[in-house]
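> So the chains spell out like this:
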Amino acid sequence: MLEIVLKMLFIVLVILGGMLPLITWVERKQSAVMQDRIGANRADLMGVTVLGLLHPVADVLKLFSKEDVVPTGANRTLHLLAPVVAIVPAIVTLAVIPFGGSYTFGGATLNLVVADVDWGIVFVFAVGGIATYGAVMAGWASNNNWSLLGSMRAAAQMVSYEVTMGFSIVGLFMIYETLQLPAMAAWQDDSFRLLGFIEYLLDIPLPAFLGWIRLPLWGVFLQPLGFVLFLVCIMAENKRPPFDAPEGESELVAGYHLEYSGMRFGLFYTAEFLEVPVIGCILTTLFFGGWSIPFLPQETIVGFIGAGFGEGFATGVCLVLHVLSFLMKVALMIWLQMALRWTLPRFRYDQVMDLCWKIILPLSIANVFVTGAIILWIETVMA
Amino acid sequence: MNEWIFYAFSAVAVAGALGMVSNVRNTVAAALSLVASMVSLGGIYVLLEAYLIGVLQILVYAGAIMVVFLFVVMLLNQRKDGFSAGRQWVMKTFGAVLGVAGAVGLVGLLPARFPEAAALPEGFGGYRALGVMLFTDYVLAFEVSSLLLLSAMVGAVILARRSAD
Amino acid sequence: MVGEAVVLSAILFAIGTVGALVRRNVIVVLMSIELMLNAVNLALVAFSRQWADPAGQVLVLMVIVVAAAEVAVGLGIVISLFRNRETLNLEEASLLKW
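Chains as they are written, first to last, in the working numbering: chain C, 116 to 498; chain E, 846 to 1010; chain R, 133 to 230.
The hints are simulated quantities; they were obtained by calculation from the structure and are not laboratory data. Keep in mind it's a predicted model, so treat the numbers as computed, not measured. Careful: at least some of the hints might be erroneous.
A few chain E residues that face chain R, going by a derived Cβ cut-off under 8 Å, partial list only [what the hints assert, rightly or not]:
| # | residue |
| --- | --- |
| 1 | Ile-898 |
| 2 | Val-913 |
| 3 | Met-978 |
Coverage of chain C stretches by chain E, computed from C-beta distances (three or more under 8 Å per stretch; other residues unrestricted) [what the hints assert, rightly or not]:
| # | segment |
| --- | --- |
| 4 | 233 to 241 |
| 5 | 245 to 252 |
| 6 | 269 to 279 |
The beta carbon of each residue, even a glycine, is placed where N, CA and C say it ideally should be.
Assemble the whole structure, with the sequences as input and the hints as a guide.
So, in structure tokens, the structure goes:
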């Protein structure tokens, strides 16, 4: 029980307490760099600005001190409930994300994941499905036509992309042979010879120097198409630009959260921002080896350090290195999402739907078939 | 501990179902209370050790089917249920009597005590146990259900198409 | 817990039946049918737990598939009904009734 509470505290403090405020800063600064501006740097505490790092604090103060308006004719209960429904799924998803591997100290085993369940990835999808209700309830309860249009767009977009999101990583499940996120991360803690397939194709042994060209055994190298499709789908689920048709301010004023103000608007805003590191965690775990360090599997690290300092110490070092590696990969994924968000203009609503049903869905089904054929071929050749 | 969680989920499920059936003013609120009912049913499935079904319940029913319901309700934007006040009173009384009689009758058919539940094999309710069964013993049903889904999809597209030609 | 689950399933099924019989809004009637299917699913899961047999859960998967298909077609009918009649009331769509 204590172990679970400690793990929850760790992940909530790191993601909610550490990354979330930083991300608002990163968004401002990265967009400024990309658009050749200076970016937010005015918020100061007695003249100290620390590169604009005080802006998240100023944001929170501003949102808390604003008036909280419930429009006339709004459904009060649903209007109050909607921001909560929007933000809770993003936090709950963190429960199944492994932020480290499995470590044995003496006789005790430490699994660095809050809930090690064998349906981990299905849970992520289920919780993502609940997130739709935040937008739907907000738009309906506000008693505003723009909000209603926004939440209808949000409902259609999120349901459609959830389907394709599931299809796009079926190939990955076929390779990993598991739905358990910690097992997926552990599976990727290895490397493979990039040109190794030549041995099977041409039936000749690979020259030794070519065998040295290795890649980490990560999902992104095994399922490159799956990664691109999944990235598009999960970014569309988040409703941030370029997929922000549900809140497109030039057409729908602000979409489903138009009638929200103060901290309740702040919760919607937080939910969107919070999903950025959560998506980073999911992408890292599925496609970038989770906590693993490229070319240095756990046994190698433990064996190398353990030779001089004892196994318990080596396992501890390994744990710290793995958690740091995970956080660095998540930071990289956040950078990627920010770069995409500030590069692409908004899709038109019909383009969003076309992309989902006419491009991503056929491609991901083709991906499943090709992956299946290759796995079958490898299994028959190997046998 | 598990019993109390079960009773809490059951209370939410029954309250949500009653809220859906009795809400005559607001269809969206009715749909949302059915969502609450379905999510708590998912929790009950997990308590009954049907883990994958529990998650799929939330994923498919709460996450997809009910969103489609809400989408259609909002698309049609029809807020009232069309019957007069007198009619409503008759319907409410009739419904309450019928509901109580039906529930009592169904519960009365159940045995007073169930035998002790069988011991569970390793991996019960996981995706492996279900998947193996689905693709061996029930593979025909699986294939037929895929045909059913295809025909439903085509039917829905034809029905909802705007042009009448 | 299995016994309580079956009792809950019976109660939910009764509520769903009442909804399908009493309510006149097509969408609410469809939702009541969903509730009845859910009650049946609950009973299946409970019996599957009772006899430690995953076949009940496979059947639940099939019910979910049928429910999804039913909703797709049903809501398609609702939309075309609303386009033609401007109503969601079942009693105004009784052209085929004798």
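> Compare the structure with the hints numbered earlier in the document and write down the numbers of the violated ones, lowest to highest.
none
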